[in-house]
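These protein sequences, in sequence, are chains A and B.
Following the UniProt record's numbering, the numbering of the first sequence begins with 1 at its first residue and continues without gaps.
Following the UniProt record's numbering, the numbering of the second sequence begins with 1 at its first residue and continues without gaps.
Mixed in with the good hints there might be a few duds.
Since the list gives no way to pick out one identical chain from another, each pair is judged satisfied if it fits inside one copy or across any two copies.
What the hints assert, rightly or not - Straight line, CA to CA, 25 Å or less: simulated DMTMM-like cross-link-like pairs of lysine to aspartate or glutamate:
#1 239 with 183
#2 308 with 68
#3 467 with 419
#4 536 with 169
#5 521 with 169
#6 158 with 513
#7 63 with 73
#8 162 with 375
#9 506 with 169
#10 244 with 292
#11 166 with 377
#12 244 with 385
#13 506 with 195
#14 162 with 262
#15 162 with 377
#16 308 with 520
#17 158 with 449
#18 521 with 89
#19 536 with 195
#20 162 with 41
#21 536 with 179
These aren't lab readings, by the way, just hints derived from the structure by calculation.
None of the values given here were measured: they were computed from a predicted structure.
There are 2 protein chains.
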Amino acid sequence: MLKTMSAPDEKEITPEEAPENGKGITYSGNKSETVNGKTKDATSVIELVCLAAFTARLVHYAKVIPRERFWKDPKNICIFVIILLSLVDMIIYGVLKASGFYAVRWSRVLRPLLLVNITEGRQLRRAFRSIRNALPQILYVFLLFMFSVLMFSLMALKLFGKRGLKTIEGRPYFTNYLEIVFDLYVLVTTANSPDIMMPAYNFSVFFAVFFIIYILINTYIFMSVFLAVVYNNYKKYLKEEVRKLVRAKRHKMVRAFGVLQERKGEEPVVSQACWNQLVRLVQPDISNAHRELLWSVSDDNNKGCIGKVAFVQLADLLNIQVIMMKSRPHPLKTWLPSLYLSSPSRLVCRMVQHRAFVYTYDLIILVNAVFIGLDEEDPLIANVEWAFLVLYLLEILLKLYSFEPRAFFSRHQFWNWFDTIIVITALIAMIINSALKLSGGYTSRQILDIVFILRILRLIRVVDNIKRFRAIINTLIKIGPTILTFGQLIVVVYYIFAMVGMELFKGKIRFFEANSTDPDKAFCGNPLLKNSVFAKHNYCKNNFNNVVSSFILLLELTVVNQWHVLSSGFTAVTHISARMFFVLFHIVVVIIIINIFIAFVLEAFFVEYTVDQSNLQSSLENKIEELELGVKQEKLDGNLVDAMETNDNDMGTSESTKEKPALMFKIACKRYKTVDGLLQRMFEADLDPEDFAEDEDFDPNNPSNLNFPNPTFDSV
Amino acid sequence: MLKTMSAPDEKEITPEEAPENGKGITYSGNKSETVNGKTKDATSVIELVCLAAFTARLVHYAKVIPRERFWKDPKNICIFVIILLSLVDMIIYGVLKASGFYAVRWSRVLRPLLLVNITEGRQLRRAFRSIRNALPQILYVFLLFMFSVLMFSLMALKLFGKRGLKTIEGRPYFTNYLEIVFDLYVLVTTANSPDIMMPAYNFSVFFAVFFIIYILINTYIFMSVFLAVVYNNYKKYLKEEVRKLVRAKRHKMVRAFGVLQERKGEEPVVSQACWNQLVRLVQPDISNAHRELLWSVSDDNNKGCIGKVAFVQLADLLNIQVIMMKSRPHPLKTWLPSLYLSSPSRLVCRMVQHRAFVYTYDLIILVNAVFIGLDEEDPLIANVEWAFLVLYLLEILLKLYSFEPRAFFSRHQFWNWFDTIIVITALIAMIINSALKLSGGYTSRQILDIVFILRILRLIRVVDNIKRFRAIINTLIKIGPTILTFGQLIVVVYYIFAMVGMELFKGKIRFFEANSTDPDKAFCGNPLLKNSVFAKHNYCKNNFNNVVSSFILLLELTVVNQWHVLSSGFTAVTHISARMFFVLFHIVVVIIIINIFIAFVLEAFFVEYTVDQSNLQSSLENKIEELELGVKQEKLDGNLVDAMETNDNDMGTSESTKEKPALMFKIACKRYKTVDGLLQRMFEADLDPEDFAEDEDFDPNNPSNLNFPNPTFDSV
């Protein structure tokens, strides 16, 4: 049941690179000889390959999974339909183009749905489901909000329309109702504040009151209400989802227990041998020591077998990240004991482990920061930079000398890895740069850029040495995986909007390089943009001509500022109704998705602030302590990474290893392998660990969790 | 102990109206003859009167309160010091001006502190204390955020500084470190996006990545973290404050119990007579029926006396808003029973109470909205408007006919009042307008504006008829009082910044009316602004020349958009370091106060979503039901206002009054008299109602709650 089902390896859909100039693309069938046609051919071929891969995967699934189950899962049906539609679209497009008609590749909008519907897109699917469920509530607030905007617009029309005021561009001010609605909608996003208010304000101070009330109600109160509603609903449905997921997991574990159980006295139990076999099957790479530790947590009373409750915990236990630390002597100590244990060597070690060593290097970094700020073309400063690099290298070598290298470079020593990689890369880049300079007097701008960036990244280490900062950064790093889920969500939504945008606006606005002398440059290659604000702001490169610039443009629209200017450019080259596209984007991305993002960051921070470790974790920790396998841990921030770096003694230094056992465990307290772990913890307070009452009330109508035996179950 | 201490009546400090032109103000002592001097004189006199009022109040307090207590209270000391400093400042200013020196009225910055420190400023004081306590946490995040900005600036300097790029205005792009820091700080506020990125983006698409990462980290993640930290800390300290307040209240109630108690059997109790006397003293305007109801809740078992726990509840009980509804027959029924009870009259009543009546009027309102949108100068449309007004009047009259007028206009019928006032005012304004028109053909623009606004406000009623919308609006109305607390907070902070801004920038930028032909108009009267973006955007009226325009300008800065342009104007006319003022304002208002505002709206909404009625409220409600005094209440939204409007039967209609008792009670469930009530409810879950263990652990070192017997205790 827990067996991993390996999915066929495949790559992501590559966004097709459309030609930058976007001039009159003529598609001329598969045997086209033009450059554009070739690009089209290439993307078509890539698309076919991708579709073939998805089809292969679907066929593979269909063979593995019972037929009725396969067709009951909406995910599979969805993928099947999308593949079919894409093929139909490709054929229609090819035929239409070959016969010289205008055709739209509408199936491109469907592509992200493939990403959502594959098994690995579980997080994404859950996020989408949460949004879908929260929509009705959001809709009511949105309607009320729009009613308020419409009312204020009507008021603005009546108050300002007949006064003959002019905007700064000399256009009549607030005379057309639909224009007013758009302008006031833009004011909600604050993008045209205070410009939109100035004509009225210049006329009379009392008119400013209208705008102040408008901003207070629609920008501050309604936007906060949106956040509250999105936050509340998202949390509610996510909680429900997580609850269902946990119940499904427990249900499966109970069934597994039913298969493996044997009678011993009154209660059904699972023996240690059977349990060991299972764990080895599920996680082949688990160490024996770790497995024994988990068993001793499950079988708290040393009975040699475990009951149902303890068995069901197994999945969660495996989910807790336990760090094994082999306490080993320094290699130099074994190879050259006389030298390494001599008093000068001991002095060096003590020096490196002293607080002053850290402070010295903090000071060096700060001095370095000043030097970086100075002009690097001065040869003196260039030489000083070499000196700094040597100092950083020396630091790493000294640390490697006094700490056990394998502990220093263990998997969880993020900052050590960070330092070393940065310093080594900087060294390599600087050497290459110098070599280039010496050989031909030529300096590669790219390499120099890399050198600069690396040099500055080194400065981040100062922050790492301040405890409070580290706590904040660690929280941020912890919520990183979740932010990535939102990254996927954003990419999917962006992709859909980018595809629609490319169909609507491709080639309408063109960008000319800085050294171009084309007279069209002043108006982005489109006479309709002559003297427009869009062209004046030099926004020509913000266009929908290819996927990359579309994504950057959509990001700018997400940031909101100047989005009315950006949209004005596209409405000028097409039609006023193109505004709908931009308003819709604002509603979907800024009002819904960004608010969910903020809600998640808030929630994650509150969890960090308030929730203590889960019961399971603390019982695991107690067991580690009980068995005296624990690493002495200053509970500074309750965080492992901190403790490992501040308690220098832990790292297997030459002096303190004698009394300790050779193998030690530590729990990476608050770090979770998966987002599910974090979610489960967020809503843990509401989940009863003993509650798996054969799931009578588990909803069998929800097919998303039950119908398909989850192939990636082991990572839950 | 609970006696109200009446404070001397006094008015708020009036912000002085400085002369608009701000040209060379010369202060020439009290006997000055110039216009400016006269304004100054007037404000000085007003200020003296205000100071005298505050002094009188302070002296009054000092007489009433024991001396050692008076001087232990920091509030009194603070007021004393401020009055003293203001006087010293006024004298210094007068002397300096009289002898021709430049002088600054620095004490004006202190004025808002008077508002904070008077007894009535309790909510405000609490908000400030919460902010002060949350500051350290915010500071750490802020330092980390600034570190990130500085690092990115350094990177930008190295990446773009040597590339010879130009901004759209032709200035060198990213060459000065401090300029970069400012530009990137502005980018965090999104005010200069995407302009700041365009030169680099035009150069290479890869440079866009730099800005995307920057925006992601600093705008999205850090700003969310700010919200999280502000939210969390504010909530934490507010909770602590409320806990202390509740404990202090209970402490006082326990002491009151100690004074009033008498022995009866084992336990000390308070008799009903004594209790009645107390309630009558504390709330003289409470009705006997209401008092008896409260007693029957406290003395649940009809023992004729109550114990300590029940006694302590008194303050909270008095805080629950109970609406008494006298069920009276319609006056027409008593005066003209034969007519009112005739079948046509009954038909009218039934018609008005029918759902279709509401729908008909919704339709009328929508048609009216369309007519409002049309050109009102068309005589046909003007006449149609009269028809609509008659229809609205008819609606009110019909409702008054079928419902009991006193119930219709009872204190809590917000929407009935709203309708009637709007319709009547519109009628009066239209009559005045027509009269003016007929008499001299002259139309008053102001009256017409009022007519338009009233006409549009009438449309809000459509929303009220949709249940879901009403629920949202009611929540917003409920958090209204708290928003007002934030209003005070904002006013205090704005006032301080306005005073500093006026000292720094007064008269530097001038506004010319639209019909002015002054050549200085093009650059706001200051040659330093020639060809500046500030002048081009026509921002001249955004200045610090008087308190009103300062407040409007600060509001525009709060909205954030274009704040860099606004600040650029003021730095151009003074010095580059004036940026500090604007950055500081952004940090204080946008990062801290607006986030607290958002946090409060979020919290209030979550409370509305999750928390049920308090125990005390439900026991009161149970008692009302038990005594069969309750109004049958459809629990639609759990809200009274809804219920009263949808259950038309409740309003004492002609038919359904017979079976009901003459007096009925209702709890205004979720509405609180004071902000304290809402706060207490927000944190109620953590407060044990039986926990008043003589307050051994009550902190006597905190003087804010104990030292000063709160004169407004009865309103808590």
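Each hint, compared with the structure:
1. 239 with 183: Neither, since 39 Å and 41 Å both go past 25 Å.
2. 308 with 68: Result: close neither inside a copy nor across copies, 31 Å intra and 68 Å inter.
3. 467 with 419: within (18 Å within a copy, 60 Å between copies)
4. 536 with 169: both (13 Å within a copy, 10 Å between copies)
5. 521 with 169: both (22 Å within a copy, 17 Å between copies)
6. 158 with 513: Classified as between: cross-chain Cα gap 23 Å, same-chain 47 Å, threshold 25 Å.
7. 63 with 73: within (14 Å within a copy, 81 Å between copies)
8. 162 with 375: Intra 59 Å, inter 10 Å, cutoff 25 Å: inter-copy only.
9. 506 with 169: Neither, since 28 Å and 29 Å both go past 25 Å.
10. 244 with 292: For residue 244 and residue 292, the Cα distance exceeds 25 Å both inside one copy (30 Å) and across copies (50 Å).
11. 166 with 377: Answer is between: at 21 Å across copies they meet the 25 Å cutoff, but 53 Å inside does not.
12. 244 with 385: neither (57 Å within a copy, 58 Å between copies)
13. 506 with 195: between (30 Å within a copy, 22 Å between copies)
14. 162 with 262: Neither: 88 Å inside a copy, 75 Å across copies.
15. 162 with 377: Answer is between; shortest inter-copy Cα gap is 10 Å, intra-copy 63 Å.
16. 308 with 520: So residue 308 and residue 520 fail the 25 Å test inside a copy (76 Å) and across (86 Å) alike.
17. 158 with 449: This pair counts as between: shortest inter-copy Cα distance 7 Å, intra-copy 57 Å.
18. 521 with 89: neither (36 Å within a copy, 61 Å between copies)
19. 536 with 195: both (17 Å within a copy, 11 Å between copies)
20. 162 with 41: neither (58 Å within a copy, 41 Å between copies)
21. 536 with 179: both (22 Å within a copy, 23 Å between copies)
Checked against the numbered hints above, the structure violates hints 1, 2, 9, 10, 12, 14, 16, 18 and 20; every other hint is satisfied.
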